[in-house]
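**Student:** Sequence:
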Amino acid sequence: MSRPFLGGSVADICLDLVATPSVYGEEGALADLIERRVAELDVEHERIGDSIVARTGSGGAPVALVGHFDTVPNWPDGKVERTADRIVGRGAADMKGGVAVMLALLERLAATPRDAVLILYDHEEGPHEDNGIHRILAESSLLEPRPSLAVVLEPSGGTVHAGAVGSINAQIAYRGRAAHAARPWEGENAISVEFADALGRFARRTPVAVEVDGLTYHDTVTVTMLNGGVVHNVVPDLVELWINARVAPGGSVERAKAEVVELAGPTAEVTWSDVAPPAMPSLHEPPVRDFLERSGLPVLPKQAWTDVATMHAWGVPAFNYGPGESSQAHQPGEWVAIDRLEECERVLAAELGLP
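For the sequence shown, this note's numbering begins at 17 and goes up steadily by one.
Hints may contain errors.
Unchecked claim - Label pairs and their computed distance ranges (CB to CB):
| no. | residue 1 | residue 2 | range |
| --- | --- | --- | --- |
| 1 | Gly-41 | Thr-238 | 23 to 31 Å |
| 2 | Lys-95 | Gly-331 | 39 to 47 Å |
| 3 | Pro-20 | Arg-220 | 51 to 59 Å |
| 4 | Glu-275 | Arg-191 | 17 to 25 Å |
Hints in this document: simulated from the structure, not taken from any laboratory.
Built from N, CA and C at the ideal position, the CB exists for glycine as well.
Could you put together the complete structure from these sequences and hints?
**Tutor:** This is how it looks when you write it as structure tokens:
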């Protein structure tokens with residue numbers, strides 16, 4: 017008998033997921049297939065937009081498995097393949113490998129009384145406010161009682177990544193007055209001393225180490241893009257730079273904003289976007305502590321933002337643990353190791369009390 021689509025081994029499921037495009041904003045086709053597979057397993061579920069929630073058990077506080085199935089755009093050749101030890105293709109690491117583990121576990125959970133809830137969602141790879149998980153948490157009828165623990169299966173290389181750094185994006189504009197480049201005194205060059213000084217201040221702002229619960233995170237401020245000028249013979253009337261700032265757990269988003277404004281200087285116009293708060297590591301929360309003791313997995317700081325922070329803000333202790341390698345996320349030739357998929361399934365099956 018042939019296996020069902022999104023059924024079989026965790027590697028089979030991962031290959032199916034990777035072979036089905038689901039670029040941010042175009043997740044509907046894969047959402048249809050995931051919904052169909054969940055329905056085949058005859059578990060309680062609901063679809064909200066292009067996100068799916070599935071729940072098993074007898075009504076106790078569940079363990080939540082959390083993962084998005086959208087991806088960034090593909091690289092030009094769009095290769096998808098299974099080798100002896102890897103699944104290769106866009107999203108394999110970030111984070112269809114994690115979603116494959118979730119679906120493999122759901123197949124095993126369906127025949128048991130184990131309390132678990134799967135949150136499979138869209139629109140994570142775009143602006144923070146558009147993230148599909150926000151709608152799930154606001155509208156789903158399957159999230160009460162709330163989970164006792166959330167495992168976010170973002171790529172972590174088979175280790176636990178604790179906490180999350182906050183993220184802030186800023187667009188900073190410096191304005192001048194256009195003129196012919198042969199007569200620059202008739203205008204005001206936006207690429208001015210003020211802009212040049214600000215760029216130097218940002219360049220000299222080095223990462224600041226912050227220790228939280230024995231883990232070292234870093235507050236950072238980084239210039240990510242520049243744009244200025246019209247053509248070679250016009251004095252530019254506008255120059256813009258974009259900044260990404262990261263805030264260690266326990267830090268203040270407002271304080272980080274104030275630092276960016278100070279570095280930008282008094283003539284700068286600052287516009288904020290994608291402001292996402294940090295999350296504490298939660299290592300002392302009993303469900304997290306118990307998982308770490310049982311699994312024996314090493315713990316590293318998450319020097320990135322993930323929906324661990326969303327779970328933390330929702331009042332549920334959470335951490336990242338997934339099969340993908342962080343270094344593979346968004347890369348050409350992205351891959352996930354098959355043995356990592358299998359290991360992640362084993363570890364989480366043990367946590368869920370599955371044989």
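**Student:** Now look at each hint and say whether the structure bears it out.
**Tutor:** Hint check results:
1. Gly-41 to Thr-238: 23 to 31 Å: 26 Å, holds
2. Lys-95 to Gly-331: 39 to 47 Å: 42 Å Cβ-Cβ, so the 39 to 47 Å window holds.
3. Pro-20 to Arg-220: 51 to 59 Å: Taking Cβ atoms as reference, Pro-20 and Arg-220 lie about 57 Å apart, which means the hint holds.
4. Glu-275 to Arg-191: 17 to 25 Å: 22 Å, holds
Of the numbered hints stated above, none is contradicted by the structure.
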